[in-house]
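Asks: Keeping the supplied structure of chain A fixed, place chains B and C upon it in accordance with the hints.
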Amino acid sequence: MNAAIVSGKTGSPAGLALAPPGKAGDKVFRLLTWLMAMMVLALLALVGWTLCRGSALSLTKFGWSFCVHSDWDPVNGDFGALTFIYGTFVSSLLALFIALPLSLGTAVYLTELAPGWVRQPAISMIEMLAAIPSVVLGVWGIFVMVPWLRDGPYPLLLKYFGFLPLFRSPATGFCILSASVLIAIMILPIITSIAREVFRAVPDAQREAAFALGATRWEVTRLAVLRYSVRGIFGAAMLGLGRALGETMAVTMVIGNSDKISASLLSPGNTLASKIANEYAETLKGIPLSALFELGLMLLLVTVVTNILAHLLIGALGARQRPGT
Amino acid sequence: MTNEIHSPALQSAPPAPVPAAPAVPAPPAGSAVTFDVRQLNVWFGSHHVLRGVSLEILPKAVTAIIGPSGCGKSTFLRALNRMHDLVPGARVEGRIALFGQDLYARDVDATLVRRRVGMVFQKSNPFPTMSIAENATVGLRLNGLRQKDLLQERMERSLRMAALWDEVKDRLHANALSLSGGQQQRLCIARALAIEPEVLLMDEPASALDPLATAKIEELILQLKQDYTIVIVTHNMQQAARISGQTAFFYLGELVEFDQTGRIFTNPRQKQTEDYVTGRFG
Amino acid sequence: MNPWYYHWRKIKSSCVSALCLLCALVVIAPLALVLFNLLQKGASSLDLHFFTQLPKPVGESGGGMANAIVGSATLLGLAGLMGIPVGVLGGIYLSEFGSLRMNWAVRFAADILNGTPSIVWGIVVYALVVLPITRYSAYAAGLALGLMMIPLILRTTEEMLVMVPNSYREAAFALGIPHWKIVLHIVLKTAGRGIITGILLAAARVAGETAPLLFTALGNDYWNHNLSDPIEALPHKIFIYASSPFSDWNRQAWAGALVLILFVLALNIGVRVMTRGRTPHLAK
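From first to last, the protein sequence lines stand for chains A, B and C.
If you count the first sequence from 1, position 159 lands on 159 in the working numbering, and the numbers rise without skipping.
If you count the second sequence from 1, position 241 lands on 1241 in the working numbering, and the numbers rise without skipping.
If you count the third sequence from 1, position 283 lands on 2283 in the working numbering, and the numbers rise without skipping.
Just so you know, these hints were derived from the structure itself, not from any lab.
Think of the CB as a built atom: it goes at the ideal place given N, C-alpha and C, for glycine as much as any other residue.
Heads up, some of the hints might be wrong.
Just some of the chain C residues that point at chain A, by a computed CB distance under 7 Å [claimed, not checked]:
1) S2017
2) C2020
3) L2021
4) G2115
5) P2117
6) I2119
7) I2123
8) A2127
9) P2178
10) P2235
11) A2242
12) I2261
13) V2264
14) N2268
Chain C residues, not near chain A, derived (Cβ > 12 Å throughout) [what the hints assert, rightly or not]:
15) A2043
16) D2047
17) S2061
18) G2062
19) R2193
20) D2221
One chain only, chain A, in its complex shape (with noise of 0.2 Å):
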């Protein structure tokens, strides 16, 4: 049959030796190419599994105590996670406290209120920003940011803060405050961008309404913008923070490299990130090695909720990106 539908040409011109099509090519194109689009789900699980099969000797042999203790003790040892959650959450939370205003009213002068040549060249420096390799950030911070922090306002914090606990203590500059700065600098894009995107999002018609009503801008921007988008900026936050937590190499350089807890911001500490960084140089095998591994899946658990919560916020599981994200 197929043959008679290729060479049967009733009344056509001198056929063509066009050479059939046969149905391997296809078939081989789509097995490849699902193989590969299969290779992702395979990597995540891969992930999950690595870590998990890395922490089974730790997990067993500390269980929940791994994560309220905060011994970090080699020599013993004895391993608790708690310096490392609470250097993280806190250096995170507090990033975001800081990022998070500036890049709010950034994204609102950028949809708002900058005149057309000006938005353009700020979004592509703030994407510029962004592209920073957190190693370039960290040399930065090691040898302009702590020095100018240590020199000037951390003395002041201590001067007229001091009384609180969260500033008590002698500050050489390299602390969790620091690395907070740093993550700081590292979320605002995403978290502006993200912003940018919920603004935009917002029609025209809502804008116009309020300005019909004889609001000022400020008050357009905040009826008619801000209210209509607070579930996006939680997902922008949300975004912001997964991508804190998961900030290495400047946090490393600038955070101490200390396995005590301290109640001061200004005193020394790691995260999750940072001991794990810190730790590559030694030889490790057995419990401590096991201990890495948790932290390291503590770490992939934290970010994964963060992200899928950031996600679920912005309606955007599973969905494909919008352009010019």
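Replies: Relative to chain A, chains B and C alone:
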């Protein structure tokens, strides 16, 4: 509905009962019919788009398909080259035979069908990353033809057939999008002709073009019909009257009337046809 | 209507606007500062030595980061070899063949992986490759970076392919061209520029990563002649040198950081330039 009538006369069950007298004598038995369509039904999901369509399309002639929007004209056209295979949820039932061979038989490769039945679309769509020459030969190259001299020869032939050669022969390597709308459409025609199909399906090919370009396309169609079977969907009745030998009028998914073009436009048998061609609805 | 209240509202609005402008300036300031400092402290160290000499032993000054630069290029190549085919082909599947459910699952997994801290990739590959064969290697580091690239490239490839208008696919089908040839020769070609953009951005991202290298590449002061040996890379070298107490190493760290950021920014700007001639034939 089991009585198949082999003549371009009344088909299916129109709303009002009408005598089924054939106005045109059936072609002598054994002569070639390009498409023999019998009881064609098409569904998109649960939406029954084409109902029991039966007709015959003659070779070396232009057959026009007319009717108001949404009547199933394009659906019918696309059934002729199995384009509905590409639409998930589409279901085609009935028989369409191309020169006697059932196109929808189980072991028939749709890709091969489409090499014999070419299609030109409403909005011209030359491939944007390719030059004029590459567009004209893409069907040949991607189907395995490699010899440069053959490609060159076929390209020139198809561009001439599409009445485009003289306008582009000096800039064959320019990007296809540098052509005007009408030229792009003729390039698409050339592209379709290059693989030497036996049939050319045209889905409102000139509707996006200005009158001058439209006239060129119509002139081209009249030329091409000497060698090809042409089926053209058009919402422009004057165009159908100008270029086609036979016209089929569709309404709400059914074939209402199928007859010589002259007859359809001057003395249609069905009231619906008359209402449509006189402009009472559109 | 109280005129004073109206003026107060106007003033409030102007203040907020000024504040927002201030926010924008504060957000952009770090970029300017960092670039300025990098140029100020790093540019003077960018001489031929830096690019051609191997690092000197601890305590000696001079030397360069030649092996790190070459190492970075090597790793980028390895990563690309692994990441680009898988990412592009996977993106093709999602765009051209995939079902709604599978596409959702794959995109979800890709998004999660894209949000995974890079140090996690490092220790995963450490567990999978470095530990079993008890050596650090360029392969392991390249694998870690390549795995990072896969979900990035997959997402951008899918985005770009989906933007190719269906009319081109239809026209190609109507010519009796097999589906796989349509995808490779027509759809992929049409989306080509966008896909390359995505690849370049992924490369820029991965070129600056240090954390995955910590547990896979180890780093050293020598040329790498064998991909199953440890390898040095620029970000890692910068990290080591910046964290050390030797001022000469610190100086070189600045230079290295300058080179790295120039490379990354060049890629980003290049991408921007490529997409400026916005392809009119892609749907917005």
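Asks: A separate judgement is required for each hint: does it hold in the structure or not?
Replies: Status of each hint after checking the structure:
Taking 7 Å as the C-beta contact cut-off toward chain A, the hint placing S2017(C) at the interface holds, the least distance being around 6 Å. Here the hint on C2020(C) is kept, as its CB sits about 4 Å from the closest CB of chain A, short of 7 Å. Proximity of L2021(C) to chain A holds as hinted, the smallest CB-CB distance being about 6 Å (cut-off 7 Å). Hint status for G2115(C): holds, given a least beta-carbon distance of 4 Å to chain A, under 7 Å.
A least Cβ separation of about 3 Å between P2117(C) and chain A falls short of the 7 Å threshold, and the interface hint therefore holds. The beta carbon of I2119(C) is positioned within 7 Å of a beta carbon in chain A (closest approach about 5 Å), and the interface hint is therefore held. Restraint check, I2123(C) versus chain A: the minimum CB separation of about 5 Å is within 7 Å; hint holds. For A2127(C), the shortest C-beta to C-beta distance to chain A is roughly 5 Å, which falls under 7 Å, so the interface hint holds.
For the restraint placing P2178(C) at the interface with chain A, the shortest Cβ-Cβ distance is roughly 4 Å, inside the 7 Å limit, so the hint holds. Given the 7 Å rule on beta carbons, the hint for P2235(C) holds: about 5 Å separates it from the nearest Cβ of chain A. Satisfaction of the interface hint for A2242(C) is found here, the shortest Cβ-Cβ separation to chain A being roughly 5 Å, below the 7 Å cut-off. With 7 Å as the threshold, the beta carbon of I2261(C) comes within range of chain A, its nearest partner Cβ sitting at about 5 Å, so the hint holds.
For V2264(C), the shortest C-beta to C-beta distance to chain A is roughly 5 Å, which falls under 7 Å, so the interface hint holds. Checking N2268(C) against chain A: minimum C-beta separation of about 5 Å stays under 7 Å; hint holds. Under the 12 Å C-beta cut-off, the non-interface status given to A2043(C) relative to chain A holds; the minimum distance is some 14 Å. For D2047(C), the shortest C-beta to C-beta distance to chain A comes to about 19 Å, beyond the 12 Å cut-off, and the non-interface label holds.
The beta carbon of S2061(C) sits about 17 Å from the closest Cβ of chain A, which is more than 12 Å, so the claim that it is off the interface holds. Distance check on G2062(C): its Cβ is at least 20 Å (rounded) from any Cβ of chain A, clearing the 12 Å threshold; non-interface status holds. Taking the minimum C-beta to C-beta distance to chain A, about 14 Å, the non-interface status of R2193(C) holds against the 12 Å cut. D2221(C), annotated as away from the interface, keeps every beta carbon of chain A farther than 12 Å; the closest lies near 15 Å.
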